[in-house]
Amino acid sequence: MEMLTETAVKAHLDGYTVNLYRAHFPSDIEDATTSVEDAPHVLEHDGYLECFDGGYRFVSGSLEDWWLGRHGKYSESVVGDQRRGQGAD
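Per our numbering, the very first residue in the sequence shown carries number 5; after that it's consecutive.
Honestly, the hints are just simulated from the structure, not real lab data. There's no promise every hint is true.
To be verified - Using 25 Å as the maximum straight-line C-alpha spacing, the simulated SDA-like pairs for lysine to any residue come out as follows:
(1) Lys77 x Tyr25
(2) Lys77 x Tyr20
(3) Lys77 x Leu24
(4) Lys77 x Asn23
Using the sequences and the hints given, assemble the complete structure.
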């Protein structure tokens, strides 16, 4: 869920951010069914995200807007203060 919120807030999910998630969430949890390593691929397979310019973005602008409205208002970016609108079109 955090990756989708990050993608909506920043209007994309780049490789740098994915690496920050990998560092923050350990992938050696034995009972985890999906690791952080797999998450972007699962979100792509399920139709939420698509590969774009070395990272990911939402497939649907409507879903992105809904996710941003529902989850983005109070989120804190893993990257810091890089918010949508600063350099995003």
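- request: Could you tell me which of the hints above the structure violates, numbers in ascending order?
  value: none
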